[in-house]
Structures are given as C-alpha cells and as structure tokens.
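This is what each chain is made of:
Protein chains: 2
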Amino acid sequence: MNRVRNFCAGPCTLPVEVLAEVQDELLDYQGSGMSLIEMSHRSSDYDAVHSAALDRLRRTLEVPDEFEVLFLQGGALLQFAMVPMNLVPAGSSVGHVRSGAWGKAAHADAERVCSAYLAWDGTDHRFSRMPQPDEIEVRPGTRYVHVTSNETIEGIQLRSLPDLGVPLVVDISSDFLTQPIDWERVDLVYGGVQKNLGPAGLAVVVIRRSALEDCVAGLPSYLGYAGHAAAGSLLNTPPMFSIYVMEKMLRWIQDRGGLSGMAERATRRSNRIYDVIDSSSGFYTGPAQPQARSRTNLVFRLASPDLDGRFLAEARQSGLVNLKGHRSVGGMRASIYNAMPDEGVEELASFMRDFAGSAG
Amino acid sequence: MNRVRNFCAGPCTLPVEVLAEVQDELLDYQGSGMSLIEMSHRSSDYDAVHSAALDRLRRTLEVPDEFEVLFLQGGALLQFAMVPMNLVPAGSSVGHVRSGAWGKAAHADAERVCSAYLAWDGTDHRFSRMPQPDEIEVRPGTRYVHVTSNETIEGIQLRSLPDLGVPLVVDISSDFLTQPIDWERVDLVYGGVQKNLGPAGLAVVVIRRSALEDCVAGLPSYLGYAGHAAAGSLLNTPPMFSIYVMEKMLRWIQDRGGLSGMAERATRRSNRIYDVIDSSSGFYTGPAQPQARSRTNLVFRLASPDLDGRFLAEARQSGLVNLKGHRSVGGMRASIYNAMPDEGVEELASFMRDFAGSAG
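Protein chains in written order, with the working numbering: chain X, 251 to 610; chain L, 251 to 610.
Since the hints were made in silico from the structure, they are not lab data.
The structure displayed is predicted, hence computed values, not measured ones.
Be aware that one or more of the hints could be misleading.
If chains are identical, the list can't say which one is meant, so a pair holds when it fits in one copy or spans any two.
Below, simulated SDA-like cross-link-like pairs (lysine to any residue); rule was C-alpha separation at most 25 angstroms, straight line [as the list claims (entries may be wrong)]: (1) K574 <-> A481; (2) K574 <-> D297; (3) K354 <-> E597; (4) K354 <-> A609.
Extracted from the complex, chain X is given alone in its bound form:
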C-alpha cells in the first residue's frame, strides 16, 4: 500500500496504527463473535468503549470536574442552533465574533434562535486576524460571547481566550486538542471530531455543570443538553463507530504526551512550514497576519495563481494531496492535524522549497 500524505481540512488523516486496530477488530470485536458496529449500545462491550472514550476525552482535553462531556450528532453545525436554544433565556442576548466563515455561520444561526449581535467583525480586515480583547463589544444583558478559536478556511487562530467579563462559548472544531483551553473563561466548548480526533459523525460538547442546570427547559428530546447529560450520552443510539475510533485516537494522543504533546507538535510543525513561506523571498505569501497564523490550517498563496495547477499536480506526484485552498479564498491550504506524521510535514517543506526553487 502506498499511503499518501493527506492535508485535507476535514475529515482528516488518522494514524495508520489506529486504522490497523480497527481493521483487525472489524469482524470480531475482542472475541464477542460480532463487530462493534453490530452491538447493542446498551451492551457491556460497547459501554466499556463509550465510558473509556468519555474518560479519555476528559483527561486529554484537561476538562475540570465542574464540566460535563457530551457526545452528540449533527456536527458543529447543529451546535450553532443547540447552544443558543439551551443557554439563552428570554430577554438575554448573545454576542458573536465574526472572525471568518465559521464565525459568520454561527452568528447567522444564532440570529434564527435568539437576539444575537455582532461583538466584533473582521470582514473589513478580510479575516486576516483575530480581535484584541478590548475590540470586542459586550452589551448589557449578554449571556455569552461566541468565538471560533480557529478559522479553518482563512487560517487564523486565537492564541488565548479573552477575559470579557461574561462567559465564552467556543467552537474548537479545527484546533481541537492542539492548544490548552482556559476553562475559567468558558461556559461551553464544542467541536466536530473529524479533524483532529476521528471519523465524521460525532460532535463533542463540554458544558459547565452550572450552565447545564440553567438550560432552557421544554426543548424536544434531542435538542436539550440536559437529557443527553442525564443519559450519559446514550439518550438514543450514539454514533458508535466514531466514538470507538476516537477512543483509540485519544489513547494514541495520550501515548504522545497528551494535550501538551499535541500543542508542542502543532507549534513546531506549523513553524516548519511558515519558515519555508517566510524564507521564500516572497514566492509564498500568507494572507493571515503573522501573530494570528493558524497552527492547524496553513493558508498560503504562490507568486502567481497561474502556478497553482502545477503546484497541485507535482505535489500529488510526490504523494502530498488535498493542498488546494478553499474555493472562497483560493491559493493553497495545508491542514496539519494531530495525526499527520512528522515525515509528512518534512516532505511538504522540502517539496515547497524545491518548487519555489524551480518555479520562482
């Protein structure tokens, strides 16, 4: 098998060791005589996987005791609706930081559910940076301010969560488990797992218990956090395969230093590529301001868009795939998530240097 280096923005590459374990167990999970995907979600075999996944998620993300971890379906997109439905009582409002395509989409959905205002808007900066804390407006009666810790499409990232005097809600989908979270400042974080943690089909919500107790009552079953929490994320049949693979991936992360290991890895590896960009004498340029550069989604442009096709074709020949930038931004994007091997990053750095040398 000739395994490629997959720089896709999501779903993501997974460790080959994790995939091999899944493959081994696919027809007969640990002598049970059936596959895990055929099991009752109330069985003891599955329950052990489910509990281990909840526990490992809590430990790797360093979640304090005063928060509850939930496994849900519908991706981060369903959370755009569920967060305000659950957290915002009548008469309160929420502030949204529009830092890029995802922050914009979260705000648009919140407006459909409650009173939601723009606390900061990066449109005029073409989403090239995140706001300073004192640029974010917090109006009286604000239940929370919503931020996107990393904008997948524009390639910008919040280095730390601002202290705004009101709780934050944070979409961590695209930098999940790559930098620490200042839990004192948040009421809720959420993210799809399909970038840094496992296969698509699962979203993780981490909610402060006091916020859980104050959730809006009377929502339909699937849409209320309280019911999921009371049922240990087994309110209905969960996305068992995604949870099962994520549990293995979290073990893999724990074996490599956990959150601090992943944070070091993300910093070191993104710097490796940004160094190539910055030392290319202008052949490569990044639209993000340097202090806001994402450590997981590295967006860059070539000296001329005319070179894009050749860059992508030659990269593919070198086994480096999915480097094309999002259609709304153009150029290139290398998404370097937790499971990307170091060798993949080195190969990309070499390829980029060689390409600049031959085409520049």
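Chain X is already provided as a structure; the job is to place chain L on it using the hints.
For chain L alone, kept in the frame of chain X given last:
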C-alpha cells in the same frame, strides 16, 4: 472466528460479506492511498459512494420521483423535533397515533414544538394491536397524522398505511425495507438505519417535494430540510462511514430481490418463529394480537418468568444472543432484521422447540 446469531433490536447484525469488504478497504480505499473515513466529503471518491447510496436507497425503497431522499444525523429522535418544526405552520395541528413506546415519545416531542393531539391511543390495550383506520381521529386543521409502522418494544406492526384524508408521516425505523410503503398516502417517512441497513449514526428522511417547498422558513441551518435538500445531504460533513456501509448493505439487498425479496424474507422468517410459539401448547405466548404481530421484532413470553434466565443462558450457549425483551415489557424478543441469515432463524426455531420440550 465463532460468529454468534445476534437478535439485538438495534444496532443490528450485518452480513459478513459486507463486513469483510469494509475490512478489506479500511486502510486503502480502492487505491486512493487512504481510508474512506479519512477522505474529504467533497472528494470524487466519497462523492461516488454518497451518490450511489442515495440512488440505491431510492431504488430499493421504491421511492417515487416526487420525493427527495435526505441523509441526516441525530437518529429518528431528532426527527421527532425536525418533522413538526419543518412541516407545521402556525395555526395547524398534528395528530399522533400512540401505538407504543416510540409512538408515545414522538407525540411527546411534537407537543414541545406545535399543537399535537392524540389521534388514537393504544394504552388501554397495552399496545397489543394497531388501530383500525376508522378508529383514528382526524381533527380539522390537521397538517398530518404521525404513525409508527412498527413498534420495536411491543412487537406490533401496521400491515398497511391507513387512508385518513390527510397526509401521513411515518416512522419506519424498525421495519425499514421489510414491507412496501403506500407513497400516495405519505408526505414524509423517516428512520434510523441501525436496524435493517447499517451502522448507527445515520437517519434517512424521504420527503415529498411539495412538502419540502412548503417547509417553515428561517430555521437554523441543520434543522431545516430545505438546506439539506439543496446541498444533496452535504450541508456539513455527513456520517460518511455509516453511509458507506449502508451503500454496501443496499447492494446486498438488491442482490437478494430488493424490497419484495426482503418482504418475503421477513414474512417467511417471522412466521417460522410464530409457528413455534403457536404450536407450543401455550409454553410460549405473545402479547401482540395475531394480526398485529411484528415481522421484525418478535416479542414472546415463556410459561413462567422463572425460566427466563435459563432460556437466555442456554440460548447463549447455542450462539443465540440478545434475546432478552425490553425492560419495560419483560420476556423475550427476537429481532430478525434483513441481515440475519436464514440459518440463524432456523437455529432459533430449533432451540425454542427443544427448550419447550425440556422445560415445558
């Protein structure tokens, strides 16, 4: 490997041929150099799987052109909310048939969204039968009547959809692709796939295009059918693994006669077990009235509950597992979904006859 016969009510047994294909492809999907679960959901490889799954679902379920097929997350439970949110304009109401635990839950969630009345209530019959059409009340201003075609827990089934003069919405989760649907009578059917079609994490919604056009506007993105339909069920990252396995399972069903093949199979096999029950001189009894007996969830009791433990232990020794009835009903339940091999049903019939002989 010693494969057991898994009579779980859900998730379900899958054909060993399907599992073996998934296993073969797990590290390298068709020479792409990556697993399908690592792929972009916008890639051509995944798109081919996605389109094939939509197409096969349409063909096997014999969905007419005037309906749209959607792949969603959140199980049937999220549909309990999404159906009334989308289909019921202000001023309309919906009627619900409370035919068992699932019909009851669907009604409870509808009440949280809109004006929902009980069109029929089987509580007094202990959910031992489905209603006759003339027993179902339809009030003026009713947008639809909701029915559950098969009650998984009580083991009763609607043999045909009633003509009530208003559209039906049907939860087909537990008899999905085991009996034909009278499409003229419905505006929408939905079901989780984890019983008859594949791994947990995916729900299928089939909605009449005219109903889609009339859907309530302004819902948050994930909760509106229109957005999913416009995006071809790629509004956000879909549950790719479940869709991929389901596509293989639908192919397996097509190779075995499609819907009519599965309907024949369900009738023949459920009759095999009901014959054992009916010829057991009262050792086995079923709480469902004969004409309402489910062809997928066969609920029965032993002569005495004292024998339950021995029955389950001896069944397990014979490789027959997950026969315990739901805690709310007691007794036994054999769920015989599409992928259960005929041999499994024969083994269960023999075991039940032998057990009645030795314990009766």
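Verification of the supplied hints:
no. : hint          : in the structure
1   : K574 <-> A481 : between (42 angstroms within a copy, 21 angstroms between copies)
2   : K574 <-> D297 : between (40 angstroms within a copy, 17 angstroms between copies)
3   : K354 <-> E597 : neither (34 angstroms within a copy, 58 angstroms between copies)
4   : K354 <-> A609 : neither (37 angstroms within a copy, 67 angstroms between copies)
Violation of the numbered hints given earlier is confined to hints 3 and 4; the remaining hints are satisfied by the structure.
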